[in-house]
Amino acid sequence: MYILEANNIVKKYANHLALNGVNLNVEKGSVYGLLGPNGAGKTSLIRIINQITAPDSGTVFFNGQKLNQKHIHKIGYLPEERGLYKKMKVGEQAIYLAQLKGLKEAEAKQKLKEWFTKFDILPWWDKKVEELSKGMQQKIQFIVTILHKPELLIFDEPFSGFDPINANLLKTEILSLKEQGATIIFSTHNMESVEELCDNITLINKSKNVLSGKLSDIKGQFKTNIYNFTFTGNVNVLDIAQHHQFKILDNKQVANTTKLRVELLDNNITTNQLIGELMKNGNIISFNEEIPSMNDIFIKVIEKKDVE
Amino acid sequence: MNKIILIIKREYLTRVKQKSFLIMSIVGPILMAALMIVPAWLAKMDTDKVYNIAVVDQTKRFSDTIVDTGYITNIRLKNQKPDEKKMFIRRLPDSKNYKFSFVDTLYKTKYINKFDSLNYDVLVFIPNNILSSQAIEMYSDKEITLATKLYITNKIEKELEKEKLKAYGIDKPISVSIKVLSNIIDEDGKLSESNSEITMVLSILSGILIYFFIFMYGSQVMRGVIEEKTSRIIEVIVSSVRPFELMMGKIIGIAMVGLTQFLLWIVLTFALVTVAQSSFMPSNSQIVAQQLKSTNIMDGSQAEQEKIDDEQINEDINNAFKIVSNINWLLILSAFLFYFIGGYLLYASLFAAVGAAVDSEADTQQFMLPITIPLILGMVMIQSIVQNPDGDLAFWFSIIPFTSPIIMMARLPFSVPDWQVYLSMGLLIVTFILTTKFAAKIYRVGILMYGKKVNYKELWKWLKY
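Going line by line, the protein sequences match chains A and B.
Taking my numbering, the leading residue of the first sequence gets 1, the next gets one more, and so forth.
Taking my numbering, the leading residue of the second sequence gets 1001, the next gets one more, and so forth.
Honestly, the hints are just simulated from the structure, not real lab data.
One or more of the hints may lead you astray.
Said to hold, decoys possible - Reference excerpt, derived from the structure (chain A facing chain B, CB under 8 Å, subset only):
1) ALA14
2) ASN50
3) ARG82
4) TYR85
5) LYS86
6) LEU97
7) LEU100
8) LYS101
Every residue, glycine too, gets a C-beta built ideally from N, C-alpha and C.
Construct the complete structure from the given sequences, taking the supplied hints into account.
What follows is the structure in structure tokens.
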């Protein structure tokens, strides 16, 4: 079941095509990574989902319904460019923003106090926003985004400006929201957090989807078939090199061990068979497959497309 | 709809709670009250000059008559005894500052032609039909002072009020207000009309006030939009409400701040003037006490004379305050409200569009120019409109919506034909609907646009998004 489906979205600004037939299928209860280099069209897409702007063509469905004003209360959005009214008091402002998301004043106040206590910022309730540190302001923005318990949360670069401690706090909260059943769309350049949090991703480049799917599938797709072996003592490398199913890429002697980097050339051979073959040549003390990081995949895909 | 109310509430409350709002609410009424009190105070100071006034009284009503307690007669009795409580009274009695001479009704023109050689300061002409025309004429070689005008009109009004009461047999007070047609006699004996000072002051004041209100609150809208943009809160807000709702909420909220300020000004000014009035003048009970005292101590006629003198001084002051009551305040105030709201709505949306198009207040200049030019033009025009409130210039500028709030307000204290007022109002409404639509398009695009040097060509593109 998709909570959000965007079909063939096109958005044009004057002479610039921001989105060119982009599709998005976000499964309910998943964390969805929306990736792409700067200017790829991520923010344009997010604004369309938030109904800040309308697409020139294409349709967006929310829980199977065509996106409309009623859905605003079911979405929480933390934009990349975010801020608060500087001269307004923290509490007042948080209540105001919560009311705009459809909460009643009393309800908003009670929930806010809970969250403020949890995030250790309750003493700042009556202070003006300009007196707060950037980190505290970010906490308030985060609270206001999730306060109305939206079904879909959209975080655009949520970790920028957070120190590692607060970034961790945020990650924990995001995961706990997921456990409570919320769906999260997550746009970032921070590939580590993508690997940590995301179930599915879409990579947008130059206004188009270039890669979509489950994170594990994509990683599989970008499998390098390269394995690292460590042997005790010396290994007869020449012997191994005679196999045509795999190839030695690297061969190093380190502190009485031999490290081999081997590329599997024949897809029909399983890792077990590979290990079996190599075991004949020495005593293996460690083995691992080189899995590409999201960072590598990102760069690879973008650069490849750029060359094309 | 619910959200637009939330926005209005926030815009209103954050501004009303500001110190600057409080300061403005206090300083404004003090200035306005001073404008009314100072002339009164000056009237009290200026007690030495004696005006010789020639009266051409066609009605014969205001020259010497005898009054007694029981009946009114036109027979002049001599050597009347004080205890009979009868005395001579003139409906236009001399006072310390005003000496009246009643001159032959046949020679009005002659007096005007020879005004130079005669030793009069003012010639007053009371026509036969005063009850219906409710107007008198005044001639002088100089501007006639407000105090003089008010002294004379006040006496005449009181007399006419009594006359009407008698005629209709009603016992509730009838208020009569007469108009003064003042004429300046130049050296060659030629006449030129001069407009009443009160009307002129009011005209200039309303024009300036409208300009001031539109500009002040219009630029508050602009600053509010820029604040939302630079603080980067805008994207959070527009993910909850539509940009048009946000813009209108802001515009309406600030309009209400303006109206609150205006209301406070009216109420506080009225309060200040009332306080000043009562401290300048003895209260009624004091007057009564004084009267009782003087009747007891002195013999009748002397006491009466004293009383009359006292009353005259008080009236001089009171007259100055009559500026307030003589004007059709209901018309002026309701027109002010209309033109403030109309003019403000027209300009505020444009100010909002400018705020949305720029990244900081420093960049607003190029877009502000076309908005401020008509406003400033209107402001500059007030001076010449006051001189000629029915001219072509006055007409066109009070019809064209971009200047009409200022110019029509400046024209209104003089009489303006109804159709012109309605036309001007109608056009203003149509125009602000159009400018709001136009501004909303720019606003919608501009609020999410950062770091782009925007020019008119760019704005034109936004209109077509």
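Checked hints:
no., hint, result
1, ALA14, "holds, 5 Å"
2, ASN50, "holds, 4 Å"
3, ARG82, "holds, 5 Å"
4, TYR85, "holds, 6 Å"
5, LYS86, "holds, 6 Å"
6, LEU97, "holds, 7 Å"
7, LEU100, "holds, 4 Å"
8, LYS101, "holds, 6 Å"
Violated hints for the displayed structure: none, as all numbered hints are satisfied.
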